[in-house]
Every structure is written in structure tokens, then in C-alpha cells.
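Protein chains: 2
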Amino acid sequence: MSEDNIIYVGKKDTMDYVMAVVTQFRSGSAEVVIKARGKAISRAVDVAEIVRHRFVREAVVKDVRIGTEVLGEEGEGTKVSSIEIYLAR
Amino acid sequence: MSEDNIIYVGKKDTMDYVMAVVTQFRSGSAEVVIKARGKAISRAVDVAEIVRHRFVREAVVKDVRIGTEVLGEEGEGTKVSSIEIYLAR
Chain A
0 MSEDNIIYVG KKDTMDYVMA VVTQFRSGSA EVVIKARGKA ISRAVDVAEI VRHRFVREAV
60 VKDVRIGTEV LGEEGEGTKV SSIEIYLAR
Chain B
0 MSEDNIIYVG KKDTMDYVMA VVTQFRSGSA EVVIKARGKA ISRAVDVAEI VRHRFVREAV
60 VKDVRIGTEV LGEEGEGTKV SSIEIYLAR
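Chains A and B are the protein sequences, given in the same order.
The opening position of the first sequence corresponds to residue 0 in numbering that gives the first Met the number 0, with each subsequent residue numbered one higher.
The opening position of the second sequence corresponds to residue 0 in numbering that gives the first Met the number 0, with each subsequent residue numbered one higher.
Everything labelled a hint here was simulated from the structure, so no lab data went into it.
The structure presented is a predicted model; accordingly, all values stated were derived computationally and were not measured.
We put the CB at the ideal spot given by N, CA and C, even for glycine.
Distance ranges between label pairs, derived from CB positions:
#1 A:Lys10 with B:Ala87: 25 to 35 Å
#2 A:Glu68 with B:Asp12: 20 to 30 Å
#3 B:Arg25 with A:Phe54: 40 to 50 Å
#4 A:Ile5 with B:Glu75: 29 to 39 Å
#5 A:Met18 with B:Gly27: 46 to 56 Å
#6 B:Ser26 with A:Phe54: 39 to 49 Å
#7 B:Arg25 with A:Leu70: 23 to 33 Å
#8 B:Arg25 with A:Ala87: 30 to 40 Å
#9 A:Glu72 with B:Gly76: 41 to 51 Å
#10 A:Gly71 with B:Lys10: 21 to 31 Å
#11 A:Glu83 with B:Ala87: 18 to 28 Å
#12 B:Gly27 with A:Lys10: 39 to 49 Å
#13 B:Ser26 with A:Met14: 39 to 49 Å
Now the stretches of chain A that chain B is said to cover, found in silico as 3 or more residues with beta-carbon under 8 Å:
#14 40 to 53
#15 61 to 72
Given only the sequences and the hints, what does the whole structure look like? Please build it.
This is how it looks when you write it as C-alpha cells:
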């Protein structure tokens, strides 16, 4: 899968990411992965839910994976939770 | 599964919920469900990750479900995203 199909959710408005995901589907992608870390995880879930309920109604949540990523230098990194939401139609 | 196996994550300290989940496992539960809504979703993921990496290392993420719940009166409810994380050992 091309990198284009991955939308990283951060601190911008939820609808900015919703539109990015919708654009990916409209450009022909069969699957879009929504990724986020830390406090942005809640927003990533909002993005997935808004996309599939309001914009791409045939989209389904194929998989949700959670994990832990280490930020910063090796050995002194801060741990942060992460999520990957796989939306497919 | 009994209601005891469901831990609702809200605005308290993350470690309070971690301890609640660990206590459930230590009391003999084979599965614990961590639930949260809205901004608490990020904290729920933190809780699951901390439990399985630091306290109950044999626990695995069996399933993660996301959804939308309607709060308040019918027809005028606010929609909020939700998550359910199924931890099992």
C-alpha cells in the first residue's frame, strides 16, 4: 500500500483530517489507514467515525491496532501510545 | 461476561484505571474490557498498553472496537466516539 493511503492525525481540526481521508477514498483508494499518537488518538477515532457515518457510508472498520512507540533518543525515549485504524470499502 | 470485567475510563489518573484492570486480572478474570468515550479514548489506550507491557505481560489485545454513541435526549443528542479494548490472557 502506498504511503498516500496513510493519514496522520495531529493537532489540526478534526474536519481537516476527515477531508483528507475522504479525498483519498474519492481518488480511488480501497483502504485508508488513520494513524495517531498520544492525545490525538481520540481525534483519530472521531475522524474514522465521521468519515464512515457521513461521507463514505460503504466504508467499514477493517481493523484497529494499538501499540506503544518510543520517541526521542534510544534508552531515554518517552513512551507514547499509538493507534492505527484501517478503513476499507 | 460479568459487568465486573468492564472498566470505564474517564477523567481520573491513568494509573487508577491501570490498577483497576490489574486487580480484575488478579482476581481471576481471563478477559477485561476497557471502555471510554470522547477525549478519554486516548487514556483508555494508555491503560491497555501499560497493563500489558508492565503488569500483566501475558495479556494480549484480542479486539479493539470503535463506535459512536448518542448522549442526551432522543433527537437532540450529541454524538461522541467510543472505544472498547478487549484484553485477554
